[in-house]
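Construct the entire structure; sequences and hints are all you get.
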Amino acid sequence: MALLKVKFDQKKRVKLAQGLWLMNWFSVLAGIIIFSLGLFLKIELRKRSDVMNNSESHFVPNSLIGMGLLSCVFNSLAGKICYDALDPAKYAKWKPWLKPYLAVCVLFNIALLLVTLCCFLMRGSLESTLAHGLKNGMKYYRDTDTPGRCFMKKTIDMLQIEFKCCGNNGFRDWFEIQWISNRYLDFSSKEVKDRIKSNVDGRYLVDGVPFSCCNPSSPRPCIQYQLTNNSAHYSYDHQTEELNLWVNGCRAALLSYYSSLMNSMGAVTLLVWLFEVTITIGLRYLHTALEGVSNPEDPECESEGWLLEKSVLETWKAFLESLKKLGKSNQVEAEGADAGQAPEAG
Amino acid sequence: MAPVLPLVLPLQPRIRLAQGLWLLSWLLALAGALALLCSGHLLAQLWHLHTFLAPSCPFAALPHVALAAGAVALGTGLVGAGASRASLDAAHYPPWRKVLGPLLVVGTAGGGGLLVLALGLALALPGSLDTGLEEGLGTALAHYKDTEVPGHCHAKRLLDELQLRHHCCGRHGYKDWFGIQWVSSRYLDPNDQDVVDRIQSNVEGLYLIDGVPFSCCNPHSPRPCLQSRLSEPHVHPLFDPRQPNLNLWAQGCHRVLLGQLQDLASMLGSMLAVTFLLQILVLLGLRYLQTALEGLGGVIDGEGETQGYLFPSGLKDMLKTAWRQGGVADTPAPEEAPPEEAPPKEGLPEA
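Order-wise, the sequence lines are chains A and B. All residue numbers for the first sequence refer to the UniProt record's numbering, where the first residue is 1 and numbers rise by one. All residue numbers for the second sequence refer to the UniProt record's numbering, where the first residue is 1 and numbers rise by one.
In short, the hints are calculated from the structure, not lab data. No experiment lies behind these values; they were computed from the predicted model shown. Heads up, a few of these hints could be off.
Partial chain A-side listing against chain B, Cβ under 8 Å, derived [unchecked claim]:
{"hint": "1", "residue": "Ile161"}
{"hint": "2", "residue": "Ser181"}
{"hint": "3", "residue": "Asn182"}
{"hint": "4", "residue": "Ala232"}
{"hint": "5", "residue": "Trp306"}
Taking CB as the label site, the calculated pair distances span [what the hints assert, rightly or not]:
{"hint": "6", "chain 1": "B", "residue 1": "Asn202", "chain 2": "A", "residue 2": "Ser231", "range": "22 to 30 Å"}
{"hint": "7", "chain 1": "B", "residue 1": "Gly20", "chain 2": "A", "residue 2": "Leu121", "range": "37 to 45 Å"}
{"hint": "8", "chain 1": "B", "residue 1": "Val99", "chain 2": "A", "residue 2": "Lys80", "range": "57 to 65 Å"}
{"hint": "9", "chain 1": "A", "residue 1": "Thr228", "chain 2": "B", "residue 2": "Asn202", "range": "47 to 55 Å"}
{"hint": "10", "chain 1": "A", "residue 1": "Leu29", "chain 2": "B", "residue 2": "Pro13", "range": "35 to 43 Å"}
{"hint": "11", "chain 1": "B", "residue 1": "Arg165", "chain 2": "A", "residue 2": "Thr228", "range": "24 to 32 Å"}
{"hint": "12", "chain 1": "B", "residue 1": "Leu246", "chain 2": "A", "residue 2": "Arg46", "range": "23 to 31 Å"}
{"hint": "13", "chain 1": "A", "residue 1": "Ser36", "chain 2": "B", "residue 2": "Asp189", "range": "38 to 46 Å"}
Every residue, glycine too, gets a C-beta built ideally from N, C-alpha and C.
Below you can see the structure in the form of structure tokens.
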């Protein structure tokens, strides 16, 4: 009735232990890789936290870092256990710890799978954080004199140059905000006064964009101002002009960058998870095979290894029973302590 | 026929020599690998900047030669490590005996020659960068407007990306842009009086303006970038002449690129110098080890003392032996063969 029984003779047991030892040390390496991936993602998120309003969620990189460290610890411990498993004297001191250790390993694997899923699913929250952050960033673009926000212009300019994007969803976002500081506006000029009077909030709105939106691949020198006025520029039609400015919005550009980063990290973590599951199964087989050695004096004898002693359903029932017993014994002990009577069960 | 620079090597010093040689060989391999990486990096940088370097500039030869020198140094290091390891173990040494001689010759002639050549180039070539960059950047600036001329249509994009990435403007400063026409004639309105005036105002009929392309703009400036009419400060409201530098990039691309490439070349040069020193030490050590073990007849653990040397006899004697060997091969006189076989035979075991 045991689940997936396999017969083990001495040679097979030794081979299993050696193979597991090697796999555990590779897994320590994989844990270090996951740790560094998490660290890299954390640094990348921090680099651009200005355009994300400093409110981005660091859950994914933090959990990757944690999982990497845990994986290193658990797998080096498992490596030590597998190394000692070949020597009956050394193995005897590990014997009582192995069952709880395997339970912890199973929990760790489940946690690793959840972290992998998170890597793929974080996209949605990142999108809304980026939308808000970029909107605020563009709003503070002109505040180069306000302490605490004076760096926003530089940040947005360098972002648009590096990611080849313009505005939040497109370059028209710049038409709706005042991105030129009042300090550099000549208020005696009629044009400035007209523009300020033309809208309710008294803002100086132009149909122009900052220089960082310019696309170097354009065959003509960059047109930044009077973008919707075809007659202001020779041989220019704003409806058909495509190469003048970057067409992508920065939200989409940043989102695709971070998504591809997290997707590749998720793929690597998935592979590591599969590796870890294999190691846990192998460790379980080694544990049961060594338990099954009937005669401790004769190391050459055959034994059986299995995943679960009974079938899945029966094991689950037995597990629930033991939980109930645990609960009952606690209850009865409490009653017994009060009334001074002997416990009925447990 | 006294050996050149002999060194008495009993067993313990021989073992010490082999162990020290093993360490030095790994250091040489590391230095060779670093020189390889450094020259690869320089090659990548040059590939990015090849439009801005005049084709006549010989600087591109340096990373190629350094690449070859680094590879040979890496090989020498690995061989040295293997040979010194084998010399401590009697079972593994015999296959190395035959190979070591030719390897030493190749290492000295090939590796040493390449390293000396690379070092020489690293010292001499950076001087040619100045004129090469001057010419290359001048050509790129002149062709900025030729976005429709095949062969030069990428000049605008590459120059814009260069100025954006390296934070520079023009060749020596932003005023370089005032002296060339960087707006393509295709986008100039022939009916505009201002355009006609400007074209007629100079001999060559160029449309010159006191403005710069957008890529010269400095994002650190607190105000939106001022690109046009830079010679007339009164046009721009509240233009603060005390702070002109923040608006555009102050440095010229010539100085920035020259500094960058010269720094890379000097780093490569120092790497090559270290590799050269290590290579000399390793080759000397290997030669002494080889000749000492030959003196024992290839028996490693022999307790006897042997002599290691650089050359079996002085240079004159070696040339005489080589000449005689060549002479015997040429003259097929059988009656003189037996007495003449003896001297060449004497010469052979010592070589």
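Cross-check of the supplied hints:
no. : hint                             : result
1   : Ile161                           : holds, 6 Å
2   : Ser181                           : holds, 7 Å
3   : Asn182                           : violated, 10 Å
4   : Ala232                           : violated, 11 Å
5   : Trp306                           : violated, 48 Å
6   : B:Asn202 to A:Ser231: 22 to 30 Å : holds, 28 Å
7   : B:Gly20 to A:Leu121: 37 to 45 Å  : violated, 58 Å
8   : B:Val99 to A:Lys80: 57 to 65 Å   : violated, 43 Å
9   : A:Thr228 to B:Asn202: 47 to 55 Å : violated, 34 Å
10  : A:Leu29 to B:Pro13: 35 to 43 Å   : holds, 41 Å
11  : B:Arg165 to A:Thr228: 24 to 32 Å : holds, 31 Å
12  : B:Leu246 to A:Arg46: 23 to 31 Å  : holds, 27 Å
13  : A:Ser36 to B:Asp189: 38 to 46 Å  : violated, 57 Å
Checked against the numbered hints listed earlier, the structure breaks hints 3, 4, 5, 7, 8, 9, 13; every other hint is satisfied.
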